[in-house]
Amino acid sequence: MGNKSHITATINGEARDFLCEPRQSLLEVLRDVLYLTGTKEGCNDGNCGACSVIVDGVLLDACCMLAVETEGSSIETIEGLAKEGELHPLQSAFLEETGMQCGICTPGFLMSAKALLDKNPSPNEQQVRHWLAGNLCRCTGYDKLVRSVMKAADTLAEA
Amino acid sequence: MNKPETTNNEFNVVGTTPIRPDGLDKVTGRAVFADDFHLPNMLHGKILRSPHAHARIKSIDASAAAALPGVRAVVTGADFPVIEHKLINQGAAGMINIGELADNCMAKGKVFYDGHALAAVAADNPHVAEEAVKLIKVDYELLPPVMDVRSAMAEDAPVIHENLQPGAFIVPAEKFLPNAGRTQFGNGDTEQGFAEADLILEREYTAETIHQGYIESHVTTVNWDSNDYVTVWTATQGQFGLRDHLADVIQVPIGNINVIPLEIGGGFGGKERIYIDPVAAMLSKKTGCPVKVAMRRDEVFRATGPSSGTYIKLKFGVKKDGALVAADLHLAYEAGAYAGGPIFLGILSSTSRYNIPHIRINGFDVIVNKPTMRPYRAPGAPQALFAVEQMIDELATELDMDPIDFRMKNLAKTGDRLVPGFPLAPIDTVNLMETVKAHPHYNAPLDGLNRGRGLAYSLWFNLGETSSARIQVNLDGSVTLTTASPDLSGTRISLAMQAAEALGIAVEQVSPAVCDTQSIGFAIPSVGSRTTYGTGAVVCEVAEEILGQMRARAALLWEIDTGQVAVERGIFSNTADPEQTLSFNQLAGRMFETGGPISYHKTGNPQSFIPGIAAHLVDIEVDPDTGKVDILRYTIFQDVGKAVHPDYVEGQMQGAAVQGIGMALNEEYFYDDEGHLKNASLLDYRLPTTLDIPMIETVILESPNPAHPFGVRGCGEISIAPPPAAIANAIYDAVGVRINSMPMAPHKVCAAINAKKIAAAAAA
Ligand code: FES
Ligand code: FES
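Residue numbers (my numbering), protein chains in the order written: chain A, 1 to 159; chain B, 1 to 764.
The hints are simulated quantities; they were obtained by calculation from the structure and are not laboratory data.
Just so we're clear, the structure is a prediction, and the values are computed from it rather than from any experiment.
Backbone N, C-alpha and C fix where the C-beta goes; we use that ideal spot for every residue, glycine too.
Do not rely on the hints blindly, as some may be mistaken.
[As the list claims (entries may be wrong)] Just a few of them, taken from the derived set where beta-carbon distance is under 10 Å, the chain A residues facing chain B:
id, residue
1, R31
2, D32
3, C43
4, A82
5, N120
6, P123
7, R129
Just chain A, with the same shape it has in the complex (with noise of 0.2 Å):
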């Protein structure tokens, strides 16, 4: 195991550093050495979004970077969402609209759809279907996903 490079990045607004092997996507490293577990893993080949982050301010599927790309980066996870114990407007929507049901999806979703508001604070509901397309969810059948986007976003402009 003598090949791991020391990478040190920003994590959730902390300063961060990690042993990883060139082959270790950044979703493994977030994963398993540094145990923030609450991005997940659909696929591991860029194709649900679970594993949605967001690194300098753009949003990735975690499982489609290598973590030695992440050198000096910042990169925002669930784990950071909710700032000083306070819930952003999209975690309480999604408690309040039933946005999920098993959770798997949510973390992903709701990384998405911060990356989404951070751009535009106010989409119309093809915006948001359109921009989400790249999440997958298998329970809800997206409907509560999407009003619980669009009312953060009136929670957001009412701030």
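On the provided structure of chain A, position chain B with the ligands as indicated by the hints.
Quick look at chain B with the ligands alone, frame taken from chain A:
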């Protein structure tokens, strides 16, 4: 915003929409799903799977794998106990062939499908394990694969199992052909029935193999300790079924095993059987370390339990006035590698919603070289309805009758004798039909080219069977509710609400949890739409007992007879002196002066075969050039008995319908001629996305179920069944072609439209 309406408000808690207690950890990423679980010193297991659909294993050489640094153990079929192949009766858990179940987890001698496990490695990390798996050399003797029900039932078909044991899914089949079992039902005399008919139609329908598509793949961690105690941490729909099957496969006493259910990321019927747990167990036994085995997504597709591809042949006879007189159904369902597919439920769901005096149903459970088929939400029903509800639509069209009037004419009502011989339990089928007919969607004009509207109707049976629940009242008045029913979608809250309703307290006072197999009594898995209904009924019985105990405590304090203590909405009172009262919390606070802790545990068996009904109405638009079908508007009408948490009820209806839409339009397994699965990824096996689906409207109906104190029926499964037929009927309405093959992929719709044009041109 968009809170579903329900019809009665005689309850305090039931019918409201509190936030689920497990929700917070799910939106913050703290919830522990199967793959989020780690133990110190844990190894990682990976499985070698057959690349061939049908082959004899001549030899396995794992020496190079075992020699790879970081590898701790290798196992093959030879390391597993040899189990006799025969059907055994496990009571409420059904009939099962443990020998076949064991071979499905680890092949011995022969592999029966692409993806069949035949060796496994435990190593320090998953990458090393995966490299080691690739170093295992297997010598195969290839055998001819059989990839669909018709070739499996053909006269010269290669025989897959030298000695086929017919399987069972609720009822056992009889051996019929070398590759097929048969189950028959019937009433009356079909010959006479068809002689009375004014119109007879005969049609054939096919459907491809599909997968449940849960987003969390199968993951398990097993620790086999020095005393031969085995602990399993996994996501399962049924910890007790897993425990009992695992005990049989690895041959340890059931009492030595504890299964600890973690959060489960979807199941839909696909997580009630074992696949990787025995493998992780044997690797743990061999290494003396806990071992985690996580399936990759492609393994989930290749080697778990998808839902049957089918071939269905129908002959229906009807009188001029619209009365169905005769039906002959031939239903051939894939069983996959081992017998015991969902054929019985295909039979049951095919026609039970109509009264047909003369009917014969032949159901076939057919072995093919695909993974062993397992339940998928209303197992067998979508395929059966795709055929029968199209037939019904066609008959109504031929007779120029409104599709609802036609169904009303033949509608099974409470007490009518169903094909399997039992009467339909109370349910208001007429009200459902009348509600659809009066609904704005049914009456809205649908203008525009290539647009059409379709309807399909389903009746499904929800299970009761065996559930366990315990209520403990704590000193501060809080209540701990534990059950043996894994929560796939919010059932902890729906059970907590029922406990709160029955106890007369606030739902926030109740903490619900799902227990491991050492901490609670037996239950069959969370399947069959049974958790909120069946486990809920047991929770209510336990709550009644708790109230009884608490009345006795109050009687003790007041020095009166228990019979003189009344309780209403959490207030206990002395009927002789209404001034004398104690609240639930006050009485709880005095438990140690009145006899000690208050708790009760019960394992109960609520009634099964509780009917649920749903009608789906859909508007679509067909692109005539590409054959693509777009959903414009979708309304679900469903009778749920009583909606405990209407938001989650609506979520069940919508989620099920969207799975049905995926099945109708996109989803299928693609096998090549050699039996290799070609689309084992979430890119190529395409689930519906946000862009494919509009908002789904719902109408919740509530005709009470007398077998539950609040009238709950269960609601999880039925709405997956109608979408394929409703969409097929809408396609006919839009462009005048009948698509008899599922999925109704663009190329099929396009081909049918072109064939119609050519026929019209030829006729002109
Ligand atoms: S796990 Fe990364 S996209 Fe599915
Ligand atoms: S809530 Fe289960 S996959 Fe989305």
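Right, here's what the structure says about each hint:
A distance limit of 10 Å between C-beta atoms decides the matter here; for A/R31 the minimum to chain B is near 8 Å, and the interface restraint holds. This hint holds: A/D32 has a C-beta 8 Å from the nearest C-beta of chain B, less than the 10 Å allowed. Among the interface hints, the one on A/C43 holds; its C-beta lies about 4 Å from the nearest C-beta in chain B, closer than the 10 Å criterion. About 6 Å separates the beta-carbon of A/A82 from the nearest beta-carbon of chain B, less than 10 Å, and the hint is met.
Taking 10 Å as the C-beta cut-off, the interface hint given for A/N120 is violated, the closest approach to chain B being about 15 Å. With 10 Å as the threshold, the beta carbon of A/P123 stays out of range of chain B, its nearest partner Cβ sitting at about 12 Å, so the hint is violated. At a threshold of 10 Å, the smallest CB-CB gap from A/R129 to chain B is about 4 Å, leaving the interface hint in force.
Hint compliance for this structure: hints 5, 6 are broken, all remaining hints hold.
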